Amino acid sequence: NAGVTQTPKFQVLKTGQSMTLQCAQDMNHEYMSWYRQDPGMGLRLIHYSVGAGITDQGEVPNGYNVSRSTTEDFPLRLLSAAPSQTSVYFCASSYMPTMNTEAFFGQGTRLTVV
Amino acid sequence: KNQVEQSPQSLIILEGKNCTLQCNYTVSPFSNLRWYKQDTGRGPVSLTIMTFSENTKSNGRYTATLDADTKQSSLHITASQLSDSASYICVVSARTGANNLFFGTGTRLTVIP
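Each protein sequence line maps, in turn, to chains A and B. Each residue of the first sequence is one higher than the one before, starting from 1 at the first, in my numbering. Each residue of the second sequence is one higher than the one before, starting from 115 at the first, in my numbering.
There could be a bad hint or two in this list.
Said to hold, decoys possible - Not everything, but these chain B residues come out facing chain A in the computed CB check (under 8 Å):
1. Val141
2. Phe144
3. Thr154
4. Arg156
5. Gly157
6. Gly218
What the hints assert, rightly or not - Here are a few chain B residues that sit away from chain A, every Cβ distance over 10 Å (derived from the structure):
7. Ser142
8. Ser160
9. Ile163
10. Thr179
11. Asp181
12. Asp198
13. Ser207
Everything labelled a hint here was simulated from the structure, so no lab data went into it. Quick caveat, the model's predicted, so the values are computed rather than measured. Note that beta-carbon positions come from the ideal geometry of N, C-alpha and C, so glycine has one too.
Please take these sequences and the hints and turn them into a complete structure.
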């Protein structure tokens, strides 16, 4: 089982560039989510999805888009990168969070916007 | 407001010693509380999940306790090892909504020889 696979692991962007962070899971989980982790702060939810074709905004969605065309994949798009988006990004998947099951996280993407 | 607070922010202990990390929360209605271990440069990995009715749960040398009345949890690490050096994150799940995980900022533990 691969679990949650995130790519790339590192990325440097120039201000204004766009890119897509990839996330795939092979556990048939309905719920997938994207977080950013900044120094001194807890993980903050960017976007989440409760199933294919369904996405919703989290706590900090501005500047990011997502789509969920399949159960397995949940890419995160940065439309026009800004230095404030410099962060470590984590994708996670689980059964519905109201169930008492663990969430599985990817390895993270360290993004620097210059 | 739903919040999760952890203490201490950081901790340094000698290899072989025990330590206890604290988590206080105000999340309501409560569903479950999770402890995650995050090694440097890696994603968080689940250690324990506890529901309202569970007071204690162990995973090897890690023992988590939960007092749902006082809304407090602790993670006790026994006979620490160098590999325990990591951040430990407390996450509380609310019983309603899909956007219902609340994260603490973590405790950074360093185990020195």
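Checklist entry - Is the Cβ of Asp181/B farther than 10 Å from every Cβ of chain A? => result At roughly 18 Å from the nearest Cβ of chain A, Asp181/B sits farther out than 10 Å, so the non-interface label holds.
Checklist entry - Any CB of chain A closer than 8 Å to the CB of Arg156/B? => result holds (6 Å)
Checklist entry - Regarding the hint that Gly157/B lies at the interface with chain A, is the smallest CB-CB distance below 8 Å? => result holds (3 Å)
Item to check | Hint status (Cβ of Val141/B to nearest Cβ of chain A, threshold 8 Å) | outcome: violated (12 Å)
Next on the checklist: Checking hints one by one. Is Thr154/B an interface residue toward chain A, by the C-beta closer than 8 Å rule?
Outcome noted: This interface hint is violated because 11 Å lies over the 8 Å limit.
Checklist entry - Does the no-contact call for Ser207/B survive, Cβ to all of chain A over 10 Å? => result Violated: least Cβ distance 6 Å, not greater than 10 Å.
Item to check | Verdict on Ser142/B as a residue remote from chain A, using beta-carbon distances over 10 Å | outcome: holds (14 Å)
Item to check | Whether Ser160/B stays farther than 10 Å from all C-beta atoms of chain A, as the label says | outcome: Answer for Ser160/B: violated, closest chain A Cβ roughly 4 Å.
Next on the checklist: Please verify that the nearest CB of chain A lies beyond 10 Å from Ile163/B's CB.
Outcome noted: Label violated. Min Cβ-Cβ 6 Å, cutoff 10 Å.
Item to check | Assertion that Thr179/B lies farther than 10 Å from chain A (Cβ) | outcome: holds (17 Å)
Item to check | Distance rule for Asp198/B, whose beta carbon must clear each one in chain A by more than 10 Å | outcome: Holds, since 19 Å exceeds 10 Å.
Item to check | Hint check: 8 Å Cβ-Cβ cutoff, Gly218/B to chain A | outcome: Where the cut-off is 8 Å and the nearest Cβ of chain A is about 6 Å from Gly218/B, the hint holds.
Checked against the numbered hints given earlier, the structure breaks hints 1, 2, 3, 8, 9 and 13 and satisfies all the rest.
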